[in-house]
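Chains as they are written, first to last, in my numbering: chain S, 1 to 231; chain H, 232 to 775; chain F, 776 to 1096; chain B, 1097 to 1211.
Honestly, the hints are just simulated from the structure, not real lab data. Careful: at least some of the hints might be erroneous.
Claimed, not checked - For lysine to aspartate or glutamate, the following EDC-like pairs were computed, each having C-alpha atoms within a straight-line distance of at most 16 Å:
1. Lys-1083(F) x Asp-989(F)
2. Lys-408(H) x Asp-1165(B)
3. Lys-408(H) x Glu-35(S)
Unchecked claim - Covered stretches of chain H, as calculated for chain F (at least 3 residues, CB under 8 Å):
4. 534-540
5. 665-675
6. 721-729
Small disclaimer: the values here were computed from a predicted structure and weren't measured. Virtual Cβ for every residue (Gly too), placed ideally from N, Cα, C.
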Amino acid sequence: MMSHEHSPHLQHHFDTPEQQFDAGKLGIWLFLATEILLFGGLFCAYAIYRANHPEIFLYAHQFLDKVLGGTNTVILLCSSLTMAWAVRASQLGQRKLLITLLSLTLLGGCGFMGIKYVEYKAKWEHGLLPGTHFAPHEESTGGPGHGPGETPEHGKRPSNVQLFFGIYFLMTGLHGLHVLAGMGAIGWILVRSVKGHFGPEYFTPVDFVGLYWHLVDLIWIFLFPLLYLIS
Amino acid sequence: MTPKNHYLNHTSGFASWAFTLDHKRIGVMYLVATLSSFLLGGLAALAVRTELFSRGPTIMDADTYNKMFTLHGAVMVFLFIIPSIPAALGNFVLPLMLGAKDVAFPRLNLMSFWLWIIGAVFCIGAVVAGGVDTGWTFYTPYSTTTNTNVIATTLGVFILGFSSIFTGLNFIVTIHKLRPSGMTWFKMPLFLWALYGTALIQVLATPVLGITLLLLIAERALGVGIFDPALGGDPVLFQHFFWFYSHPAVYIMILPAMGIISEVISIHSRKHIFGYRFIALSSIAIAAFGFLVWGHHMFVSGQSGMANVIFSALTFSVAIPSAIKVFNWLATLYKGDIHLTTAMIYALMFMITFGIGGLTGLHLGALAVDIHLHDTYFVVAHFHYVMFGGTVIALLSGLHHWWPKMFGVMIDERLGRIAAFLIFVGFNTTFFTQFMLGSHGMPRRYYDYLPQFAIYHRISTLGSYVMACGFFLIAYYLLRSLFRGEAAPMNPFGGNSLEWHTSSPPPYDNFTVTPIAEDPYDYDNLVGDEVSGYKSRTYEGAKA
Amino acid sequence: MLSQFIGTGSNFWLPRQGSTSAAGVDFLFNAVTSISIVFFVLITVVLFYFVYKYRARPGHKAQASAVHNQTLEITWTVIPLLIVVWIFWEGFTGFLNLQTPPQNAYEVQVLGQKWKWLFTYPNGVVDDNLHVPPDEPVRLVMTSQDVLHSLYIPDFRIKRDVVPGRYEREWFQALEPGEYQIFCAEYCGTSHSAMLSMVIVHKSRPEFEKWLADAGNFLDKLPPEKLWEGGQKLYNQRGCKQCHSIDGNPGIGPSFKGIWGHTQPLKGGAQVTVEENYVRESILNPQAKIVAGYEPVMPTYQGRLKDKEITAIIAYLKTLE
Amino acid sequence: MSHEAHPRVGHVLPLSTLFAVLGTLLVMTFVTVAVSWFDFGRFNLWIALGIAVFKASLVLLFFMHLKYDKPFNAIVIILSMALVMLFIAITLTDTTQYEPQRIPGYAPSIKTNPQ
């Protein structure tokens, strides 16, 4: 075996820190690949219903709020920057900066979920829900003289609009759960960075949580135009 | 020969097992867990066969029967076959074969095992709470409308999926990053190639099963109707989702089995494996093609004619790498020194039974013939010849091959041969008749049948009892060997992959002397005999 | 002897050939089986020969031989490849034949439901068995009312899943008159294995036409006191039961239980007593009077139910107390 | 812990790169919203997807350090995305083929569909 400096973070079955770091990195990338495939199923369901029933998507997307969705995109992108910057800070041993940046990232996550809550609440109040729960309120979408969920500016409601809201809630819901999980992980490394666990010798957890957070951002980059910006 | 301190006795107590990070102990726990599931699934199968012994109600009503075959299928697929070889034998052997101290992520490995336990609790809990009657395939809209415990079962399978993903992820990283510098890709034992191909499928296909099951749960719990036609959804789409995972899953089951056969055939005939590169690359080819053929489960489902034709063509492409392997194993036997140990008998049996399974796959891949055979007992017989005649037989082969390494004891070869004979006779009696049932038109998942099928069902049930006797005999002599078995030498069968370069059972850290990787199938450097075991001359100069 | 294994009757492997497509399917089945047997015997014989010849015994050692051989590897890759390409091609062309019904086929509508088959003929007759004329192609247009089913006729070598929310098609042309088994081949719950019917191929087209006409007038053969039984059959087969229960639970329409002679509140405040004229009007012109609390969704049965059939349904309603 | 110490493993991104990437991402977000007001017919979807792929690549390459990482990690991600595309492509091909057989608007349990 090659001789090497002993590091307290080196596990017994690895020879060198490089080997351990590379192994961890490959592990996290494989995990991200499984996440992509998990969401891939939902993207497939989206693609099939959108290709075969574009009228449902054209009609229903009008009920999503582009401004809120766009704001959330900007928030997530900015939090991705603070996260990437946090990784840099941990690599360079800038502890205070690391704590600040992780807190900002966490704040971004809170902002995203807050806006998500506002959007979900509006859907809930208007009965724009998936499947059997789809029951659009007349007063919110048109008033008497039109069928439920039918207004002059929205056009005639096609059949099976509930499918869009099913896909919308599943995609954004699963994504939201991932944001929450990411926030939990960021909270955990925030605590550890306050305790001073990270530095140039050891920043692996910050790096890996960062990769996860960027993946969550990456999925939203696709969700936003596919759900909100249909024309 | 047996070292005083080894992985089985270096610590003791429940916690030393339940929270162990040692891949060998996790492998042993997985072995106990999967074999217990096999017992449960097997008992369900016996109940099903007994019910079918005669026409009309025999020992249970139709609803119980439906729950029973669902139990058999779900337990055998998700709890037993998928984790059996990779997570039990693979976990034990993989780091040893690499000359490594452990897998890359020992904690993840332990988590995988506990996720298996949690998943199993959900699945079996669902059975205790009244069962589930959808069949292991959970086809919609039946699964969305039945009032049995679909949510608990699918949640359990979802968790089992993550257990499987973590095992696969661990293996990929271990093979990439923990290979010693002397062991290049084409110097790896073939079992590792097979496990690598398997792990790729586990990581890349299982998440799609995960999302499928989540969608099914959403369907039942929230009324989201992606797959339910009553809610505007498309049930054929469910089948695409389900088989996108579950066809590659067939290769999760068979690839590691093929890996075991490559090891056992070569070692027990003391002959270098023939066509190493073809066997190794065919594992990867099977893993890759495995992703392209899922639609052959849907030839009569309402899938379009065009998709049927594409999938039929691609299906035949998988036949080739499997055929290549069989021919290479045969060529390995040529001019060898064939020891008919129990492990070897099972490996040879594999070539016959898996051969039948593979060849009948040709009937089912041919579109026009499949229309007739689809969803009949012909399919049931075909996949039992592949899953049982392939995977289970290979598991038995591997179990007998590595048993001395795992527990440091030899098994009773005489009883081993008797059991192998019972299983061979019982298995073929049970399932060959089912080919004929199916080709005469007997549909699967039938509680009752017409008079012309009675004789086949009766023979099949009798065969299953013979097979059960074989398994109880195996259970008896394996358990007995743990207490009364002769101590095993380090290398009883004359293998040269690295797990044979350490003591039986191995020490906690796997190797006391740093192993030296050489061609795993070159046996010229070994000296010794069957009784006292073999030793590699490679270490003679290096001993401290 | 050979006819035990191949031939048109029921043999060792396959049931009798009942349709024009069966011979082609059986040819391929037998061809693939023969290829399989050749390969299986080849592998097994070589296996046993090697195991015997190179068995371990005192003084016997493994001999060196090549560990790979490019020519051999390529040979046993290419030969199976050519064989499977042929099997694929035969399966593909056979499938095209099974998939494409001739233009002039006689059409029967099929409804799968838990756990029976209903076959609807062009004149509106519904039957549990599939009656067809001989010597002409028959096309089935199939859908399901609840879960997946699969209409499988082994003697005809055809099978197709029946899916709710869509129309599936399959076709056959029977070779000779007789009865042929129909199975449900897609698991559908408790009585999946009892979801059986028969194909009845009549001796001649006129005989089939006669059966069809008689089936259309089956009420004529019932004595007046049994007329309600005919009404019950119509209730089950003509779509009444999908919306109107007989156990008192409101469905898409009001339940039939105890409805006879009862006074119903109508949309708009009026009332109506359930008697002969009201029932007749509701069947022929369903939008005329809508019971309060229900939507006007019932289609008209004008032209789809004969007068006598409506009388039978009324007789049935009277029995539901 | 020294302030400007450098790690033994991994790659440190300069701040200028990080901010340049964020800037581009924000601009592209604006662009994707802006183009959604115009109608390019059947290209609408492909334009939106093209922009999303470009943004995702930036995140992968820089924020996630893939540009400086072991090539196999990139292969893993590309492989997973390729599989998703394969899944969508084949399933979509099939469903569009059989869509005409489905009964339009069939959904008996949905009471809110227009009659």
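Structure-based check of each hint:
1. About 14 Å separates the Cα atoms of Lys-1083(F) and Asp-989(F), which keeps this hinted pair within 16 Å; it holds.
2. For the hint linking Lys-408(H) to Asp-1165(B), the alpha-carbon distance of about 15 Å falls within 16 Å, and the restraint holds.
3. This hinted pair does not check out: Lys-408(H) and Glu-35(S) have alpha carbons roughly 22 Å apart, beyond 16 Å.
4. With a cut-off of 8 Å between beta carbons, the segment 534-540 of chain H has 3 residues touching chain F; three or more are needed, and the interface restraint holds.
5. Check result for the segment 665-675 of chain H against chain F: holds, 6 residues qualifying (beta carbon to beta carbon below 8 Å, three or more required).
6. Interface restraint, the segment 721-729 of chain H with chain F: violated (0 residues with C-beta to C-beta distance below 8 Å; minimum three).
The earlier numbered hints that this structure contradicts are 3, 6.
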